[in-house]
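Residue numbers (the working numbering), protein chains in the order written: chain V, 1224 to 1396; chain P, 75 to 461; chain C, 505 to 661.
Note that these hints are calculated values from the structure, not bench results. Take these hints with a grain of salt, some might be off.
[Unchecked claim] Quick list of simulated restraints, FRET-style, between CB atoms:
| no. | chain 1 | residue 1 | chain 2 | residue 2 | range |
| --- | --- | --- | --- | --- | --- |
| 1 | P | D393 | C | I652 | 50 to 60 Å |
| 2 | P | K380 | V | E1363 | 26 to 36 Å |
| 3 | V | G1333 | P | P152 | 50 to 60 Å |
| 4 | P | K351 | V | I1330 | 41 to 51 Å |
| 5 | C | E576 | V | G1244 | 18 to 28 Å |
| 6 | V | E1363 | P | P152 | 54 to 64 Å |
| 7 | C | S600 | P | S270 | 46 to 56 Å |
| 8 | P | G437 | V | E1305 | 52 to 62 Å |
| 9 | C | E603 | V | D1240 | 39 to 49 Å |
| 10 | C | R619 | V | G1333 | 54 to 64 Å |
| 11 | V | D1326 | C | V641 | 35 to 45 Å |
Given the structure is predicted, the values throughout are model-derived calculations rather than measurements. Every residue, glycine too, gets a C-beta built ideally from N, C-alpha and C.
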Amino acid sequence: MELERFELGATHYKESDLKEGKLLSLPWTPNLKYAWDNGVAIGRYLAELKEGRIIARKCNKCRRIMLPPRMFCEMCWRPTDEWVYVKDTGRVNTYSVCYVNWDASRIKKGEKPHLPAVIEIDGASPGMGILHLLGEVEPEDIKIGMWVRAVWKKPEEREGAITDILYFKPVRR
Amino acid sequence: MAYQRVAIVGAGITKFVRRAQETGKELAFQAAKMALDSCGLTMKDIECVSLGTAPDAFDGVHMKGEYLADGSGGWRKPYMRHFVGGGTGVFAPIHGWFHVASGMFDTCLVVCSEKMSSCHPHPQGAFKTIFDHTTEQPLNPTLIWIFALEMNRYMQTYGITKEEIALVSVKNKKNAMDHPSAQLPMEITVEDVLNSEVLAWPVNRLDISPASDGAAAIVLASEHVAKRITDKPVWIDGVGWNLDTAYWATRDLAYPRYVEKAARMAYEMAGIKEPQKEIEIAEPYDPFDYKELHHMEGLLLADRGKAVEMLLDGKTQRDGDRPMCPSGGALGVGNPIAATGLMKVIEIFLQLRGEAGKRQVPGNPRCGLAQAWGDLMQVGTVVVLRR
Amino acid sequence: MGLTERTNRNVDLTYWEGEIPVNYVYTYGLGLEAFFRALKEQGKFLASRCEDCGVTYLPARVFCERCLGKLETTFAVPGTGKVYAYTVVHRNVDESPKEEPVVLALVDMDGTDCRFVHYLTGVEPGEVKVGMAVKPVLKAKKDRKGGIEDIVGFAPA
Ligand SMILES: [Zn+2]
Ligand SMILES: [Zn+2]
Chain V
1224 MELERFELGA THYKESDLKE GKLLSLPWTP NLKYAWDNGV AIGRYLAELK EGRIIARKCN
1284 KCRRIMLPPR MFCEMCWRPT DEWVYVKDTG RVNTYSVCYV NWDASRIKKG EKPHLPAVIE
1344 IDGASPGMGI LHLLGEVEPE DIKIGMWVRA VWKKPEEREG AITDILYFKP VRR
Chain P
75 MAYQRVAIVG AGITKFVRRA QETGKELAFQ AAKMALDSCG LTMKDIECVS LGTAPDAFDG
135 VHMKGEYLAD GSGGWRKPYM RHFVGGGTGV FAPIHGWFHV ASGMFDTCLV VCSEKMSSCH
195 PHPQGAFKTI FDHTTEQPLN PTLIWIFALE MNRYMQTYGI TKEEIALVSV KNKKNAMDHP
255 SAQLPMEITV EDVLNSEVLA WPVNRLDISP ASDGAAAIVL ASEHVAKRIT DKPVWIDGVG
315 WNLDTAYWAT RDLAYPRYVE KAARMAYEMA GIKEPQKEIE IAEPYDPFDY KELHHMEGLL
375 LADRGKAVEM LLDGKTQRDG DRPMCPSGGA LGVGNPIAAT GLMKVIEIFL QLRGEAGKRQ
435 VPGNPRCGLA QAWGDLMQVG TVVVLRR
Chain C
505 MGLTERTNRN VDLTYWEGEI PVNYVYTYGL GLEAFFRALK EQGKFLASRC EDCGVTYLPA
565 RVFCERCLGK LETTFAVPGT GKVYAYTVVH RNVDESPKEE PVVLALVDMD GTDCRFVHYL
625 TGVEPGEVKV GMAVKPVLKA KKDRKGGIED IVGFAPA
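Looking at chain V on its own, in the form it has when it is part of the complex (with noise of 0.2 Å):
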């Protein structure tokens, strides 16, 4: 059975097709608003970024100490034990230089590339990284495994997020 030998469904057609009336066509854009609890490892983990410190959660069976924390540990399949702070220092695990936004689109004429990267906080069990970005460094600059801070918002200024980093940029060591 050659696919050759099948005539083929599915009828391609340009998006100007919908706008000059070539077909039907009905839009809809749905109010998918949403209030998630944060739980208990996550409620404390904003509430501890709020006071400018990290905190993961300590597995004793294991002896990971995870980030970011969670209740129980899923390779054990047990609760976790501890609550620990680690250091706002840590390591590029990977990182990229980013021209789009989050929407597919190009970042504006001028407007610096969003240097997101994976960072591996000093304190947490090696591998534990955390997704975050870059700054104060030019993208030719950047390595992977080179050593970086956080960068703070001001206290009055946090609010329990993730952003209350506003960044990592590099340090020597």
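Starting from the structure of chain V, add chains P and C with the ligands where the hints point.
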């Protein structure tokens, strides 16, 4: 284990296009009808139906499984939807396999349909929900971040270059020139990939598969029924699937261990001891070009960091020793999420039957593999097929 | 500790607000495109029939859901029907009271095996009967856009 042996006996597919006029259920119908026609069956012969489709937010149809039921042949049948994100299309034959292998049914129609064009102007808003709503979404991520971060780590770990990786895109888009469903078949050079728009370094526009609409379907049958339907059954000899932690930033981004675990599960079931020798042809999941190499390593079809050598040696070309993505893959044929994985399964089905037309690889392969990947970038789904 | 740890202080119970920022444009597909075009331009109700299953579909479809047969022709049905079931609605979607109650009905469409869900119009809620014959009331042709709202409702025949 005591289960029925299961064969693929028929297949159907639509064209993959950026925007299809058809509704998702009409696309499902077109693929399902072709699958039935291809093996001379009607819905009377079908005992149960399995549907695979990606997040409801793509089509903008809540409870999409229910919505797609009629186009998929689900009317008054035992019908069930399965879903593991991007891994769905290769979970589809596995889900169908459960139904038949268990002995509960002798035939199963497996359908995958996706209509991403409903999400305007682009499904990025739906993709954003892949990130954790509290600890990641406030950073305004795009889906490409995950791939860019993983690709960078992979390149750094093994010393692989963008130029080398771009060859995957060149190969797959060229292979797609011979696929009648293909959305982005083209003859391009490594320079074209490198010179295309930088989205999130190291990812350029031509490193990425497109958003697509399309559907695919297969018919499964138990051994004693399959032999009455066709003299060329293709057997599902191994199935495997595996999920890693939801904390994606915590994983080893250079190596997909969950894919390895899924592959080992499928190999053990199929009695495969040396995958590099025994798997003659494969369709690893290639939504981004580096992913083909990354997945070849997870599938144990190449040693760690060495998939690129097979690529550079030409071994993964259609006429090479170990063809990878002879269909043209997600990069060339297109990427209507769930339908993509099933397109890959169909390609191996056709290749093993010697019915891949201009795409046919030489050497009459007897054993092949299809794989997909997805969820929160954490699932591997694998099937091993033999004729 | 761990899973047994309880948060009893209400001030510790926090939440995060967000949204799923999506926007859709649906095409009608092959079946509904034909149906709504005929309704818009000719005021006709297009149906399709599967002879193998003996089923007539309204709106027209391009496949039969029972046998997955391809349905390639369409024909007009009168658009009249009989009330199969109805409800009297007093509240809006946001639960605010309606100024006037409206009657929503399932209408068995004549000459087909399908029902429409739509409003009844030109009839007091107390006068509606199951089995009552109804006919479609369409917007004026110039106001029709090709959608379910081109039908104002169904009125007693
Ligand atoms: Zn543990
Ligand atoms: Zn029928």
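So which hints don't hold here, by number, going up? none
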